[in-house]
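Asker: Sequence:
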Amino acid sequence: MSAVDIKDLTGSKTGTIDLDPQTFGIDPNVAVMHQVVTAQLAARRSGTQSTKTRAEVRGGGAKPWRQKGTGRARHGSIRSPQWRGGGVALGPKPRDYSQKTPKKMIRLALKSALSDRASSEHVLVIDEWNFELPKTKTAVAVLDALGVEGRVLLVVDQNDLNTWKSFANLDRVHVISPDELNAYDVLVNDWVVFTKNNLPDTTSMRNSEDSKDESSES
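Quick note on numbering: our numbering labels position 110 of the sequence shown as 115, and the sequence is numbered without any gaps.
Check each hint, because a few of them may be wrong.
Stated by the list, open to error - Between beta-carbon pairs, the in silico distance windows are:
no.	residue 1	residue 2	range
1	T53	N203	46 to 54 Å
2	N187	Q87	44 to 52 Å
3	R50	T21	39 to 47 Å
4	K170	T53	52 to 60 Å
5	R59	D32	51 to 59 Å
6	R49	W88	33 to 41 Å
7	V35	W88	18 to 26 Å
8	W88	L46	34 to 42 Å
Said to hold, decoys possible - With a cut-off of at most 16 Å between alpha-carbon atoms, the simulated EDC-like pairs for lysine to aspartate or glutamate come out as follows:
no.	residue 1	residue 2
9	K201	E137
10	K140	D101
11	K201	D132
12	K140	D121
13	K170	D132
Keep in mind that the hints were calculated from the coordinates and are not lab data. Here a beta-carbon is modelled for each residue, glycine too, at the ideal position from N, C-alpha and C.
Kindly produce the complete structure, drawing on both the sequences and the hints.
Answerer: Given below as structure tokens:
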């Protein structure tokens, strides 16, 4: 899929555009996609789960019965892990689940995901989003005209507020900005829709990552 049709919001063809072969035409690396997506999902975990050890639960300061002579097992506290209401042995504590992933691997995973969607002809390019007013009914009509079914990922510029608001109430549509494009969102959606001005290539991916690094350092 080296070239795709450019369509307007009525689904009519207005031209064609060549896709970057290094971004949309590589052999998908399934192993890298799996590793990067796993890291993305791990980073989303809040990691706030917490259980109390026997030292943290309330009570259990007194020995429940004397050491010898009762015929029962020896116990020093009713908050030991084997007791009901006792502390938890080796239970989960708050932790950071994020993983460090090389930038080259993140880029390769995104290219692999885009190439997979392009090979199945599920990449669409439209001329521009020209919603005069934010209207969900119009957004639904546009999707029908474009012929996209299932889950849809829209790559929309941040300053195009009418488009963002128009698709906001559609559960099957996920809208992101060009610098937020990632492997997970591409893979979890059936279609990816770009405008001709925000179609990614190798250079734009690197520039996007460099800008993210600068913003995180400042």
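Asker: Which numbered conditions among the earlier hints are violated in the structure presented, ordered from lowest to highest?
Answerer: 1, 4, 7, 9, 10, 12 and 13
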